[in-house]
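S.K.: As you go down the protein sequences, you meet chains H and V in turn.
Under this note's numbering, the first residue of the first sequence is numbered 1, with each subsequent residue one higher.
Under this note's numbering, the first residue of the second sequence is numbered 1, with each subsequent residue one higher.
Possibly wrong hints are sitting among the right ones.
[As the list claims (entries may be wrong)] Label pairs and their calculated CB-CB ranges: (1) H:Leu34 x V:Phe143: 15 to 21 Å; (2) H:Met42 x V:Gly46: 46 to 52 Å; (3) V:Gly46 x H:Lys219: 50 to 56 Å; (4) H:Ile50 x V:Glu115: 30 to 36 Å.
These are computed hints drawn from the structure, not numbers from a lab.
The beta-carbon is built from N, C-alpha and C at its ideal position, and this holds for glycine as well.
Here is how the chains run, residue by residue.
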Amino acid sequence: MAKNTSTLNSNEIFESHVHRIGRITIFTCIVLALFVPVLIWMIFGIIPPIKPLIFGIINVSVFMIPLSIAEIFSFYPVLGPSGIYISYTTGNISNLKVPCAAIGMEAAEVKPATKEGDIISTIAMAGSVIVSELILIMGVILLVPLSGYLKDSVLNPAFEQILPALFGALGAYFILKNYKLAIVPLAFGFAVSMFTDKITALIPVCVLLAILGARLFYKKGWVTAE
Amino acid sequence: MDDYLDIANSSYFYLWGGIILLVIMVQAVLFIRLAWKEGKRIGLTGKRMLQGLRAGMVAAVIPSISIVIALIAMSGSLGIPFPWIRLSVIGSAPYELIAAGIGAASMGVKSLGGEGYNQYVFANSAWVMTIGAMWSGLIVFFFLKKIKKQYAKIEKKDPNWMKIITLAAFFGVVCIFLPQPIVAGGVPLITTVTGAVLMIICALLIKKFEIKWLREFALPFSMVGAMASAVIFTRILA
Numbered sequence: 001m002a003k004n005t006s007t008l009n010s011n012e013i014f015e016s017h018v019h020r021i022g023r024i025t026i027f028t029c030i031v032l033a034l035f036v037p038v039l040i041w042m043i044f045g046i047i048p049p050i051k052p053l054i055f056g057i058i059n060v061s062v063f064m065i066p067l068s069i070a071e072i073f074s075f076y077p078v079l080g081p082s083g084i085y086i087s088y089t090t091g092n093i094s095n096l097k098v099p100c101a102a103i104g105m106e107a108a109e110v111k112p113a114t115k116e117g118d119i120i121s122t123i124a125m126a127g128s129v130i131v132s133e134l135i136l137i138m139g140v141i142l143l144v145p146l147s148g149y150l151k152d153s154v155l156n157p158a159f160e161q162i163l164p165a166l167f168g169a170l171g172a173y174f175i176l177k178n179y180k181l182a183i184v185p186l187a188f189g190f191a192v193s194m195f196t197d198k199i200t201a202l203i204p205v206c207v208l209l210a211i212l213g214a215r216l217f218y219k220k221g222w223v224t225a226e
Numbered sequence: 001m002d003d004y005l006d007i008a009n010s011s012y013f014y015l016w017g018g019i020i021l022l023v024i025m026v027q028a029v030l031f032i033r034l035a036w037k038e039g040k041r042i043g044l045t046g047k048r049m050l051q052g053l054r055a056g057m058v059a060a061v062i063p064s065i066s067i068v069i070a071l072i073a074m075s076g077s078l079g080i081p082f083p084w085i086r087l088s089v090i091g092s093a094p095y096e097l098i099a100a101g102i103g104a105a106s107m108g109v110k111s112l113g114g115e116g117y118n119q120y121v122f123a124n125s126a127w128v129m130t131i132g133a134m135w136s137g138l139i140v141f142f143f144l145k146k147i148k149k150q151y152a153k154i155e156k157k158d159p160n161w162m163k164i165i166t167l168a169a170f171f172g173v174v175c176i177f178l179p180q181p182i183v184a185g186g187v188p189l190i191t192t193v194t195g196a197v198l199m200i201i202c203a204l205l206i207k208k209f210e211i212k213w214l215r216e217f218a219l220p221f222s223m224v225g226a227m228a229s230a231v232i233f234t235r236i237l238a
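Based on the sequences and whatever the hints tell you, model everything.
M.R.: Given below as structure tokens:
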């Protein structure tokens, strides 16, 4: 009993550290990012006319606020609290953080949604941030001489097709792992893609359907947690 | 006309980007240190944590190159430091371009960097992109602890269901993207199929011959192979 209590306390201490580091750094980055348009104003004296400014902000917010809430909810079980802080500080979640977390857990042979999985995915995602920021810096340094060159090169189709390449590989990975869980979201994904290619707003819907489908299958005993 | 690009490419913004980068790096290092300590406490070996770290870093290389390509594409109309900052903090390329477009459209300008795109339109794009991207960060800052409690209740009830919910959420994200290139056909379809086939081959090799190091490279290998097939098939189909 005494041992149980001490384990629980250590867990809570760890989690409070996660929230403290996460909240301080994410807030600092939000403020620093907000200063970019403020600098355009303060240094160069340029501020857009008030009407289009407010109109633009309202337009983007109407689309971003509900999307962000649903997205954070659907990514929470995938990324865990520390992963959410890392992901929403640096962005590029489904194309970078999610696959890096998955591959990290696979390499260290830990299962998602366990304490071990949470720790490994945090380490893997933070590692991916360091690599990705360094590559971005190199990109910035190399950009001026290379910009006109790469866009017209024979390699261009490769970069254009990076998402099909990524999701083909990830899709196969997950279907091999547990194909029954793919039935509902994949059916929805295909149905939607017949009508539109603007899928960003539908990510939360698809995740929700996947979870509801999984719930049904789990209740019926068609899927198990390995 | 090039006026706004002089502002967009000014050294102030490179400097500001450097400061933001520093905070991001500090966050990454702090989280690795914290998770490492906690991992040791619950009995994870340093070797396994290093495997996870290495895999995450290796898996980041190829997608990061695609972010650099997005940066190159955006730099023509928005300059270099601003897209760099937006792609480093919170943003991702498709969203940032939509937001920049909303900013321009609010000023009655149709294309980024096109006719009528002056310094005021650029400033409007900058405000709209920045504030649009701010919401998710603010929601996380104010409400993540509360979301956590909701999920904690579920976890106490049924840990097996939590494992399924996690896998299902992964499936949901992948399954909304996967059909797009398949329905599009042509090179995107071929690339997707190649990526899937290479991943299956990797999985078979890992299982049959127990090649453990391949786990870290299965995703990059499959992706690079699929991308190479895109170059080849673009030439064949052209």
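S.K.: Need the list of violated hint numbers for this structure, in ascending order.
M.R.: Hint check: 3 and 4 fail, others pass.
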